[in-house]
Structure formats: structure tokens, C-alpha cells
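Q: Each chain is listed here by its residues.
Protein chains: 2
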Amino acid sequence: MSTVTTPHPGLTAPPAAPPRRDAEATKAAILRAARYLLARHAHADITLKAVADRAGVSAPLILKYFGNKDALFARVMSFESDADALLDAPLEDLGRHMVRHLLEGQTQRGADPILRIVFAPLQGEQGDILRANFRTQVSDRLAERLTGPDAGLRAELVVGTLLGLGVMYGIARGTRLRATTIDDIVERYAPTVQSQLTP
Amino acid sequence: MSTVTTPHPGLTAPPAAPPRRDAEATKAAILRAARYLLARHAHADITLKAVADRAGVSAPLILKYFGNKDALFARVMSFESDADALLDAPLEDLGRHMVRHLLEGQTQRGADPILRIVFAPLQGEQGDILRANFRTQVSDRLAERLTGPDAGLRAELVVGTLLGLGVMYGIARGTRLRATTIDDIVERYAPTVQSQLTP
Chain A
1 MSTVTTPHPG LTAPPAAPPR RDAEATKAAI LRAARYLLAR HAHADITLKA
51 VADRAGVSAP LILKYFGNKD ALFARVMSFE SDADALLDAP LEDLGRHMVR
101 HLLEGQTQRG ADPILRIVFA PLQGEQGDIL RANFRTQVSD RLAERLTGPD
151 AGLRAELVVG TLLGLGVMYG IARGTRLRAT TIDDIVERYA PTVQSQLTP
Chain B
1 MSTVTTPHPG LTAPPAAPPR RDAEATKAAI LRAARYLLAR HAHADITLKA
51 VADRAGVSAP LILKYFGNKD ALFARVMSFE SDADALLDAP LEDLGRHMVR
101 HLLEGQTQRG ADPILRIVFA PLQGEQGDIL RANFRTQVSD RLAERLTGPD
151 AGLRAELVVG TLLGLGVMYG IARGTRLRAT TIDDIVERYA PTVQSQLTP
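Here the protein sequences come in this chain order: A and B.
For the first sequence, position 9 matches number 9 in full-length UniProt numbering, and the numbering has no gaps at all.
For the second sequence, position 7 matches number 7 in full-length UniProt numbering, and the numbering has no gaps at all.
Read the hints as simulated data drawn from the structure, not as lab findings.
Owing to the predicted nature of the structure, the values given are computational and were not obtained by experimental measurement.
Watch out, some of these pointers could steer you wrong.
To be verified - Keeping only pairs whose Cα atoms sit at most 25 Å apart, straight-line, the calculated SDA-like set for lysine to any residue is:
#1 A/27 to A/127
#2 B/49 to A/40
#3 A/49 to B/49
#4 A/49 to B/121
#5 B/49 to A/41
#6 A/49 to B/54
#7 A/69 to B/42
#8 A/69 to B/121
#9 B/27 to B/53
#10 B/69 to A/108
#11 B/64 to B/75
#12 A/49 to B/44
#13 B/49 to A/121
#14 B/69 to A/121
Unchecked claim - Here are the in silico distance ranges between beta carbons for each label pair:
#15 A/107 to B/29: 38 to 44 Å
#16 A/182 to B/121: 21 to 27 Å
#17 A/81 to B/47: 36 to 42 Å
#18 B/90 to A/179: 27 to 33 Å
#19 A/85 to B/84: 39 to 45 Å
#20 A/68 to B/88: 50 to 56 Å
#21 A/182 to B/42: 27 to 33 Å
#22 B/93 to A/149: 24 to 30 Å
#23 B/124 to A/60: 48 to 54 Å
#24 B/175 to A/25: 34 to 40 Å
#25 B/128 to A/68: 34 to 40 Å
What the hints assert, rightly or not - Which stretches of chain B does chain A cover? Using the computed rule of at least three CB atoms under 8 Å from a CB of chain A, they are:
#26 125-137
#27 155-163
Virtual Cβ for every residue (Gly too), placed ideally from N, Cα, C.
Chain A extracted, bound-state conformation:
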């Protein structure tokens, strides 16, 4: 980590972030904007300018960071880094970890990592790319972690239970669920998930 120097220590302005952090934050804002638009419009209808406007940056800056629109959307359609974080726990605690990670993504990071798959029908052929990525990067990768019979099927059922919780929380916006603490939801729902992971 580089040291952050505050330009005006006597003021309450936020400390200046180092340049690397700025670039990462800008890239993240661009990806968020592209994801937002991709959840509401077909890929073909989204202009680079629309992404730029929503992210509060210029279109040339998007080109600088991502190369071109196709490369940007290829990045948006990947679940690779989401799966890294989602699966980052030992198998015996994975149910709890995945439920918590999903809910914290929605409540604290304002992101729906794996939930993007629900917008596949919007995307025509691009939807098939999204489905194929989801399969290899999320379901199959989880299946590789499982032991016992029908690991592939059980992995899909596990991912299904997570997607359902995400839909109910973030899309249907269930009022009881949203009035419940994450800890409480984890207590109630993780055993459901874990029962397919380690039956």
C-alpha cells in the first residue's frame, strides 16, 4: 500500500487518493455503469457515450481503460473475479460464506455479482456468452470443489438457491427479508445451501 498524504491537514476534505486508486475507482465506475445498462437494454442498443454519461467520465477515457466497447462488455460478461470472491472459503463453511457474500454485495457494495445472469434473455446471442461464462466460471468451478455423487448437479442447485435469495432480496425486494439482519439471514439460509454442498 502506498502512503496517502493529505494536502490540507487542517481541513475536513477527504484525503487525496493515490493515482492507482483513482484509476481503479474510475474503472469500477465504468463497469458499474455498463452493468446497469446491460440489465436494462440489449447490448447492441448501448452506446459507449451512454456508459460514459452514466459513469460520469468521457468516452475516450473508457477507450483508454478498456480498448473498445466489445472488450468492455466482454469484461462485464465475465464472472471470473466475482467467483473468486464468492468461492473464497473452505468447503465446510462455504454455505455461510456465499450467503453472506451475496447479501453484503447487495447491501454494502451495491453490486449483484452473479445476479447478472438473470438478464441473459435481454441479450440475444450475447446472452449465450453470459450463460456459457456463468457455467464455466461459477457452476463448474464450484462443482470441482465438491466431493461425492452428482457434484455438477448439486453445484447448480447450490447456485440456484443463491440466485433465488439474490432475486428475492435485490429484485423482488422482499420486505421481510430486507428488514432482517444479514447475520439472521445467514443463520436461516446457509444450512439450505450447505446441505447440497456437503450432503
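Chain B: place on chain A using the hints.
A: Same frame as chain A, but now just chain B:
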């Protein structure tokens, strides 16, 4: 039921359906077309003509059956009749029934009754109508059937597990899941659902 008379008994042409059946089949085709479009476009962007074209009927026929576009979409945004069928089982067998009903809807009837909620983000203000309908017509109605503590929250978790299975089967199109018989999926998944219904 009215009697079906076959106009040309010596031919293998399908028997003529009675008029009532025709009207119901046409209405169902119109609703399917409207649902299909609503899963891909914002309500405001869908014309009556687009619905008519997709259903293979004329726009005036839609008006005859549904009155106007708003009335048609109000019908499409209701989960009332879907919930009737989804919840039509005694509580002790409801988990099995709901899982089977959801999967048979996708494989045999080509319909995703409750899954329409996942397209709420597409619909702006109409999405809030969809959410409110979903809450009162599906989650709250299920909650009324449950006994014991936290019935409302448990009902939302149950509906979540069903939605997740529907997303994994019908939208993400999980290959293992789709290669598995409905009976087998019911065996594996119903206990998960039932454990929140009757913990």
C-alpha cells in the same frame, strides 16, 4: 364440456376445438406474447401491434379480448392465477408441489409463472407494480398458510428458493439440471423448500 364434432372423420386432421377453447387458447397466446415482450423491453416501448404480431393475431382482436393495452399489461403483471396453481396443495406436501409445478411450467407449458418478477428492473415504475403484486399475491399469500414464528420471512425465503431454481433452469439453463428428470429434481430440492415451510 361441449361435445367436439370432427368435420371430416375419415381424415387425420385434428378435431375442431369448440369455440370457447379457441378463445381461451387465443387469449393465452396473447398473454404469452405480452409476457415474452415484457421480459425483453420496457412496458412503454411495447406496441399493441408487436404483441399482435408475436401472438399471430390482429391488434383489434387484442382490444376485443382485453379492452386496451393497459388492461392487457395489468393482467400480465398479475400473479393471481399463477399463485392459485402454485399453492394448490396441502401444507405438508407444498414443497414438492411447488417445485414440480415450477419445473412443469417451464418444460411442459413453456411458461415461467412467478419468474416474471426477475424482469422488474426493466419496467421502471411498472416494476414497482410488479413487485407489489408479487408481494401480496405470492409471498404474503403463502405466509398466510404458514404457522410458527416468522411466517412472512420464511415465505419469502421459500419463494426465493423457487425463483432460484427457476432462474437456474430457465434462464441460466444449467446443463446438469436440464439433463435431470423432474422427479429427481423434486426429490433433491423439495426438502430444501419444505424445511422453511414446516421447520
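Q: Is 38 to 44 Å a correct range for the gap between the Cβ atoms of residue 107 of chain A and residue 29 of chain B?
A: holds (41 Å)
Q: If you draw a straight line from the CA of residue 69 of chain B to the CA of residue 121 of chain A, is it 25 Å or shorter?
A: Holds, because 23 Å separates the two Cα atoms, which is no more than 25 Å.
Q: Does residue 49 of chain B pair with residue 40 of chain A here, judged by a C-alpha cut-off of 25 Å?
A: Between residue 49 of chain B and residue 40 of chain A the Cα gap is close to 22 Å, so the pair holds against 25 Å.
Q: Using the C-beta atoms of residue 182 of chain A and residue 121 of chain B, is the stated range 21 to 27 Å upheld?
A: Check passed, 22 Å falls within 21 to 27 Å.
Q: Regarding the pair residue 49 of chain A and residue 121 of chain B, is the alpha-carbon distance no greater than 25 Å?
A: Holds. Residue 49 of chain A to residue 121 of chain B sits at ~22 Å (cutoff 25 Å).
Q: Do the alpha carbons of residue 69 of chain B and residue 108 of chain A lie within 25 Å of each other, as the hint requires?
A: violated (39 Å)
Q: Go ahead and decide if the range 39 to 45 Å is satisfied by the Cβ distance of residue 85 of chain A to residue 84 of chain B.
A: holds (41 Å)
Q: I want to verify a distance hint. Is the separation of the beta carbons of residue 90 of chain B and residue 179 of chain A within 27 to 33 Å?
A: holds (29 Å)
Q: Check whether the Cα positions of residue 49 of chain B and residue 41 of chain A lie no farther apart than 25 Å.
A: holds (21 Å)
Q: Look at the Cβ atoms of residue 128 of chain B and residue 68 of chain A and judge whether their distance stays inside 34 to 40 Å.
A: holds (36 Å)
Q: Can you take a look at whether the segment 155-163 of chain B is actually covered by chain A? Rule is 3+ residues, C-beta closer than 8 Å.
A: With 8 residues closer than 8 Å to chain A, the segment 155-163 of chain B meets the three-residue bar; holds.
Q: Holds or violated: the 50 to 56 Å window for the beta-carbon distance between residue 68 of chain A and residue 88 of chain B?
A: holds (52 Å)
The earlier numbered hints that this structure contradicts are 3, 6, 10, 23.
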